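What follows is each chain in one-letter form.
There are 2 protein chains.
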Amino acid sequence: MPISRNSVNPKLIHLFSDVVGLTDEELDCMLEQFNPVHLRKKEFYLQSGEVCRQVTYVNKGCLRTYFPGEDGKEHTLYFAVEDWWIGDIESFHSGNPTKFFIQALEDCELLIMPKSGYDKMSRELPKYQEWYQMKVRNAYMASIKRYSDFKSGSAEDRYRNLMKFQPHILQRVASKYIADYLEIEPESLSRL
Amino acid sequence: MPISRNSVNPKLIHLFSDVVGLTDEELDCMLEQFNPVHLRKKEFYLQSGEVCRQVTYVNKGCLRTYFPGEDGKEHTLYFAVEDWWIGDIESFHSGNPTKFFIQALEDCELLIMPKSGYDKMSRELPKYQEWYQMKVRNAYMASIKRYSDFKSGSAEDRYRNLMKFQPHILQRVASKYIADYLEIEPESLSRL
Chain A
32 MPISRNSVNP KLIHLFSDVV GLTDEELDCM LEQFNPVHLR KKEFYLQSGE VCRQVTYVNK
92 GCLRTYFPGE DGKEHTLYFA VEDWWIGDIE SFHSGNPTKF FIQALEDCEL LIMPKSGYDK
152 MSRELPKYQE WYQMKVRNAY MASIKRYSDF KSGSAEDRYR NLMKFQPHIL QRVASKYIAD
212 YLEIEPESLS RL
Chain B
32 MPISRNSVNP KLIHLFSDVV GLTDEELDCM LEQFNPVHLR KKEFYLQSGE VCRQVTYVNK
92 GCLRTYFPGE DGKEHTLYFA VEDWWIGDIE SFHSGNPTKF FIQALEDCEL LIMPKSGYDK
152 MSRELPKYQE WYQMKVRNAY MASIKRYSDF KSGSAEDRYR NLMKFQPHIL QRVASKYIAD
212 YLEIEPESLS RL
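Read top to bottom, the protein sequences are chains A and B.
So for the first sequence, our numbering puts the first residue at 32; every next one is plus one.
So for the second sequence, our numbering puts the first residue at 32; every next one is plus one.
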């Protein structure tokens, strides 16, 4: 059964209606491509070796994307909360297995659009495709920024940035993951 | 004057003809959008604060992209040689000033396509637009890989990767830049 407008995060409606500029009919067509999926805390949305076959919106909850390093540790790439998109763009487009793990840190409600829905939207709605390309570019820029913050800033700078841009993360995510994300020792995090 | 086929790197012709699948006519249309530009060693292709208004192919030479860190140092993002594309995707699409510097490390010959040419190609040749989107995704994945190599691998691993994937860089680029790129001290680089 397709999802209804009042069961999705109002930010999703605002984005596609007011920012992307879809008509009411186009918006309904998009919502029809989504399926709601629930994940319990600690369940995986994606695991290394699997192929990412969908575009996914976080309607509720919080997840962590990480990869296993050559040093045997888990390295946190980002946290996703309400109104974020998750997945592995490279795996989605190439069909190659992902190297990432995406795990629910809370019970989550996801809206999942399978590749067939993405293909339909991209083919029929140029505005959707433009938005999607912009998202990919933004993800690219965010990853460069992440890397440059990591190379050139201090742990305290990174902590301040997290406070500024994702303050809710500090309340919702275990401090061991935050310490890993910020690349600091858990003891240093508690001092900050 | 439009550039001729025999004045461009054969890899560019191979890419668009055999991989992207442009017809002879489409390929000529693309070459017409490019202008050849020469840079002398140490000249800048792009400087922080400027807007990137073009798509650029390295026909000959070697360049370095770096950003000034909060720590006051220059941080090398990548080296580009023949058959690479350079620029700042975010600045190109948003019109915002770039934060990067791109400087010639050798005398360079660049093929520059202004935004008007890119717009024309994207509008008229879906195959070009598909290729471009794939390039953006690959750049995104490369930046994630760069970040993950940096977080989880040793300096020796990064050196071995550079030897494997860009061995010519070691011959062409000053060791201080390579040491910065690998995040090691110049003395450690000479030991490797």
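Hints in this document: simulated from the structure, not taken from any laboratory.
The model shown is predicted, which means the values in this text are computed figures rather than measured ones.
Certain hints may be false.
The list makes no distinction among identical chains, and a pair is therefore deemed to hold if it is satisfied within one copy or across any two copies.
Okay, derived cross-link-like pairs now, DSS-like style, lysine-lysine, Cα gap no bigger than 27 Å in a straight line [to be verified]:
| hint | residue 1 | residue 2 |
| --- | --- | --- |
| 1 | 176 | 104 |
| 2 | 130 | 195 |
| 3 | 73 | 207 |
| 4 | 182 | 73 |
| 5 | 104 | 207 |
| 6 | 146 | 72 |
| 7 | 182 | 166 |
| 8 | 151 | 104 |
Hints, one by one, checked against the model:
no.	hint	in the structure
1	176 / 104	both (23 Å within a copy, 16 Å between copies)
2	130 / 195	between (29 Å within a copy, 21 Å between copies)
3	73 / 207	within (15 Å within a copy, 45 Å between copies)
4	182 / 73	between (31 Å within a copy, 24 Å between copies)
5	104 / 207	within (12 Å within a copy, 30 Å between copies)
6	146 / 72	within (25 Å within a copy, 47 Å between copies)
7	182 / 166	both (24 Å within a copy, 25 Å between copies)
8	151 / 104	neither (39 Å within a copy, 47 Å between copies)
Hint 8 alone, counting from the list given before, is not met by this structure.
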